[in-house]
Amino acid sequence: MDSSSKCRCAHPIDNRECITMGSGTGMVHTAPGHGQEDYQTGQKYGLPTLSPVDDDGKFTEEAGQFSGLDVLGDGNTAVVNYLNEQSVLVMEEPYKHQYPYDCRTKKPPIFRVTGQWFASVKQAAMEAIGPVKCIPPQVENSISAVIPGRSEWCISWQRTGGVPIPVLDHKDQGTSYE
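Sequential numbering from 1 applies to the sequence shown in the UniProt record's numbering.
Rather than coming from a laboratory, the hints here were simulated on the basis of the structure.
Because the structure is a prediction, the values reported are computed rather than measured.
Using N, Cα and C, we set each Cβ at its ideal position, and we do this for glycine too.
Some hints here could point you the wrong way.
As the list claims (entries may be wrong) - Restraint ranges, calculated between C-beta atoms of paired labels, are given here: (1) E140 / E62: 48 to 56 Å; (2) R104 / D172: 37 to 45 Å; (3) H97 / P136: 42 to 50 Å; (4) S151 / H29: 21 to 29 Å; (5) H97 / E127: 41 to 49 Å; (6) E152 / Y45: 23 to 31 Å; (7) K96 / A119: 36 to 44 Å; (8) A145 / D74: 48 to 56 Å; (9) V90 / Y45: 18 to 26 Å; (10) L72 / R16: 21 to 29 Å; (11) V88 / E140: 56 to 64 Å.
Please build the complete structure, drawing on both the sequences and the hints.
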C-alpha cells in the first residue's frame, strides 16, 4: 500500500525493498510482535503489536485453540492444518532461506516484543573519553565520532544465563523502581 494512499485495508500490502521476486514468492507476512522490521511496518500502518507466544515458545491463550502448542513444532503443524481445513491456505511448500540459529538450543530463536529497560550512557561515555590516553591519538577522534550514533544500552536482556537486575516493585501500585 502506498503511504500516500487513502485506502485502508484489513491486510495492507507494503512494498518493502527487502522483499524481491528473486527468491521465494515475493511476499512475506508481517507479525509486528515478532521482529524489528515487522514491528516497524506494524507501527507504520497502525497494526496491533500482538505476541501470542510465551517464554517457553508456546502459544498463549491469545492464540485460542492453539494455546499451549509449541510454536516451532506441533503448533506450526496445527496452524497449517487449520488453514487447509478453512480453505484459506493458497500454497505451502518448503523453502530454504537464511534464518538465525541458536547454537545452545539447536533451534531457531523466536523473536518477541517485550518490555525492556535502557540506560542512557552517551553523555557519560563522551565525558570519559577525555581522561583516556589513546595510542595513536587519532583513535580518540574515531571513538568520539562513533559514540553519539550509538543507541541506548539495553540492560534487561531476557536470556538464559544473563545477569539478574535488582528491581523493586511497588506492592500497591505495581510500578517498578530502578
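* Which numbered hints fail -> none
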